[in-house]
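Q: Using our numbering, you'd call the opening residue of the sequence shown number 1 and step up by one each time.
Keep in mind that the hints were calculated from the coordinates and are not lab data.
Among these hints, one or two may not hold up.
[Stated by the list, open to error] Simulated restraints, written as ranges between beta carbons of each label pair:
id	residue 1	residue 2	range
1	P135	I108	40 to 50 Å
2	K7	V157	21 to 31 Å
3	A139	G30	25 to 35 Å
4	C26	R133	38 to 48 Å
5	A139	F27	35 to 45 Å
6	S43	V157	13 to 23 Å
7	W173	A118	25 to 35 Å
The beta-carbon is built from N, C-alpha and C at its ideal position, and this holds for glycine as well.
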Amino acid sequence: MLRDVYKLPSVRWLVVANLTTMLSVCFFGGLQQLTAVYWWEMSIIWIFSFARLAVISPLYLLAMFVLLFIGAGFFMVFFTFALAYAGHWDLAKKHLTELTVFAPGVLISVIPLLFSHAYSFYQNFWPNRESYRGPGTDACINKFVRYPYQRAAMWAVVITISFVVAGSLRAAWLAYFFIGLFKIIADIWSHVTLNDLANPDLTPEAKPCFSWIGRALGPVVGRVFIVRSGT
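Using the sequences and the accompanying hints, generate a full structural model.
A: Shown next, in the form of structure tokens:
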């Protein structure tokens, strides 16, 4: 049941990883590096999305690469504007030209998130990888392709709202609070949706492979870039 999600080890790891990352950013680099950390997390999500597709259907990897290449460019630009809004325009200009995503504080802060996603992959996907093949394969492939964009859409909203709220109240610590709170909630919802943890007994054919964001992106993303076999 959904109300028992907090008992899942992968969800607890997710919460701990987000809190550890937030503390690390606060200690090593400050709020201006947080967006770079989340860009790295998007890259991690894309890597594990590639891994899921490679296990289920390697033929879809080329389409996935095209989609993620476009998404990476979008999110880099979005983070640059977020940094500029936060009052760090000098850093925002360097964000693209001097690769501040490789700052030591950023790389250290992203380590907990890497372990969290790796743990989720081996805990929730790998033992059940065979269940994603068969009659429900197409639906689950579409889910894994759209998943990074679901996270990107949620994070764009979370980061924008958090910066606006913190900026209007003139308190930097509120940005940490709101981003941390909203992102953890969004990540748990997304994590449960991706791995069907709220309904673990459903068969692949009956699994709810699409969230409302996935359905909205489907006509634009899935049907344009992905050629489904037999259609």
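Q: It remains to establish, for every hint, whether it holds in the given structure.
A: Results of checking the hints against the structure:
no. : hint                      : in the structure
1   : P135 <-> I108: 40 to 50 Å : holds (44 Å)
2   : K7 <-> V157: 21 to 31 Å   : holds (27 Å)
3   : A139 <-> G30: 25 to 35 Å  : violated (43 Å)
4   : C26 <-> R133: 38 to 48 Å  : holds (43 Å)
5   : A139 <-> F27: 35 to 45 Å  : holds (43 Å)
6   : S43 <-> V157: 13 to 23 Å  : holds (20 Å)
7   : W173 <-> A118: 25 to 35 Å : holds (30 Å)
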